Amino acid sequence: MLYRENGQFKTSYRSDLQIFPILQDRFAIALLLAAAYLVVPLLASDYLFRAILIPFLIMALAALGVNILVGYCGQISLGSGAFMAAGAYGAYNFFARIPDMPLVPAILLGGLCATAFGILFGLPSLRVKGLYLAVATLAAQFFADWAFLRVKWLVNDSPSGSVGVSALSVLGLPIDSALSKYWFCLVMLTVIALLAKNLVRGAIGREWMAIRDMDVAAAVIGIRPMYAKLSAFAVSSFIVGVAGALWAFVYLGTWEPAAFSVDLSFRLLFMVIIGGLGSIMGGFFGAAFIVVLPIALNQFLPTLAGAVGLNISTAGLSHAELMIFGALIIWFLIVEPHGLARLWSTGKQKLRLWPFPH
Amino acid sequence: MKLRSLLTTGLVAAAALSAASAFAQAKEQFFPLLSYRTGPYAPNGTPWANGKQDYLKMINARDGGINGVKLTWEECETGYATDRGVECYERLKGRPGVTLFDPQATGITFALTDKVAADKIPLLTLGYGLSVAQDGQAFPWNFPLMGSYWTAADVLVQHLVKKDGNLKGKKIALVYHDSPFGKEPIPLLQERARMNGFELLLIPVTAPGVEQKAAWLQVRQQRPDYVMLWGWGVMNSTALKEAQATGYPRDKMYGVWWAGAEPDVKDVGEGAKGYHALNLNSSGTQPKVIQDILKTVHEKGQGTGPKDEVGSVLYTRGVIIQALSVEAVRRAQERFGKGKVMTPEQVRWGLENLNLDQKRLDQLGLTGVIRPLSTSCSDHMGSTWVRVQTWDGAKWNITSDWYQADESIIKPMVKAGAEKYLSDKKLSRRAVADCQS
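Top to bottom, those sequences are chains A and B.
1 is the number of the first residue of the first sequence in this note's numbering; add one for each residue after it.
1001 is the number of the first residue of the second sequence in this note's numbering; add one for each residue after it.
Honestly, the hints are just simulated from the structure, not real lab data.
There's no promise every hint is true.
[What the hints assert, rightly or not] Computed list of lysine-lysine pairs in DSS-like fashion (alpha-carbon distance at most 30 Å, straight line):
{"#": "1", "chain 1": "A", "residue 1": "152", "chain 2": "B", "residue 2": "1171"}
{"#": "2", "chain 1": "B", "residue 1": "1425", "chain 2": "A", "residue 2": "152"}
{"#": "3", "chain 1": "B", "residue 1": "1093", "chain 2": "B", "residue 2": "1027"}
{"#": "4", "chain 1": "B", "residue 1": "1411", "chain 2": "A", "residue 2": "152"}
Computed from a prediction, not measured in an experiment: that's the story for all the values here.
Whole structure, please, built from the sequences with the hints as guidance.
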């Protein structure tokens, strides 16, 4: 009864085109944002911030970027970890080499490095698509693995190949406490998510979706495939690159190339597929599922096992975590192949008709 | 309905968990144990983790803790992955009575180095981690006790010089795990190559190291006089098998101490005969500390792993790590009050003032396992004693005298590396007065 749009008339194009056309949605989002910015900081512990919320926010941002490429433009990519690495090492080089480089421009410049890298490795998408492209983008991953391990210049001549940053600050405010890191990531995520949402609603997003749905038809109606595909690679890898820079700077602090290995590329792709292809919200759901669930399982399982009188070893716990996680992935994909975001919108649709479904 | 029952289960679990953690507030010294019993490094990570746990159990059972303070611990599985390691660290660092962290992985050590400085918790990296962290005034919270990759590489070169007389014009290949772990020794080996006049070939192997065909093709082409093996986990046994397939003589191969345990050679057996590796600690069940563990823990059926692995190389290394940690707590108690739970900062004082002479080692049951070591505020390593061992097809035998790393090479490199680290991070050296607290 509560969730319906009766009586909400749209009398201008402006109101018809807003992001959340239903009043209750606007209300809910405002509440959610207020909770994320103000209530969570009051309640969350240091551990929750550093180990769960911050990685969740950063991975949500990365998944959002991957979703633009994979979900909206239909260009399957296995090189997301490489784009994150390009962002992280790009930002690191600006930050370490230029004296008094401010943090935010360094991260954005890192994102631009990832953009250039993404466009370069997006070029094959003009010729190949689908699984073939997925394999071609894998080359980006291997290239990045090679470059950041071997090219000394990229890691500022660090003998071990591991680099780190410290003393981060924005406009004179230090980013070292858990709370400041959380807010910093949250602001980045909010701003970029809003931009991305508007981008996919606009002309360029429609071009991407047209290319995804049928590229020949899109070309016939006047969409330039080259422009659409490369712009999707550019925007996506920019966002992924920013997420990579945040992952390195804010979450890890000191990192090595293995932090952006091919595993990460796969995890990002899983986030997008499980979260929901072609949906901004899907990135958030997917990141929550992939980042938070294993850790939550890892902590709850001993208690659950203890409740039925079992004692579970560390190794057994780790195996159980993998098995349950894998089973859940399969279960979710069978129940809803379009991901968690589709489950959510189905739920919303049902709510609209409740209590008199027809 | 289904969803609701799922939600209820989740909430019940959450409530149970918070209740469980609320109970654990007693006066106990807590040891967070980061471990990996799964993944490609599990064969080596498991005995190590078992040794660490068994030692704590033994101290509780035999001595009733440290001067009456009970020891508690919790394992957290990292799978050798840096992000999971960071998560484990964040999860366990806030526990009451937390002592110190031993992350068991070079990658996690790198990621934690900045974090422990902010949280003021010591980071014990026995035989691994950052080589430059030997400089305690630049790295107040890192403790690479007993040696680093630089001291290991230096000793290996010394051993070859002693064997061969002169390395001039010789070719030495470094087959290394392509990660910070494998790359750490390179600067020192390059320095040594300049000094001793040998040619250094760098042959990387991509992690985790099961694919080494290309690396050994290079070895076959270049025919180096010696191969140094800088591997961990499955990479070591693979390298030995590849050497066998390539026909490279195993007695020309020298591994670091992380490539010199039973899991590395057992599967290769006879094929690894003649292979040498550094020996940071002895193995076997003769030492008193191992006997005590067998008596007070394993014979009561409370052992952590299989009984026949007790006393293996990595198991013993776990025991030593834990023995030194416990000793640091005991040392700290001598100053800050016996029978009290030590804070991480007090434990750091203990780690900086370790003075294990032969008499103390005998008391601890570590006779013949390690050499005496003593640390200070500026030297966080304590000692660099190490021997070389050789695999005879069935067991490891010690085949050399004790070596120490050459101070005249290591010292300036540590100093320069630490200075670079400090200037990169815009930090300053620790004040001398800080050493007393």
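Hint-by-hint comparison with the structure:
| no. | hint | result |
| --- | --- | --- |
| 1 | A/152 to B/1171 | 24 Å, holds |
| 2 | B/1425 to A/152 | 19 Å, holds |
| 3 | B/1093 to B/1027 | 16 Å, holds |
| 4 | B/1411 to A/152 | 24 Å, holds |
Checked against the numbered hints given earlier, this structure breaks none of them.
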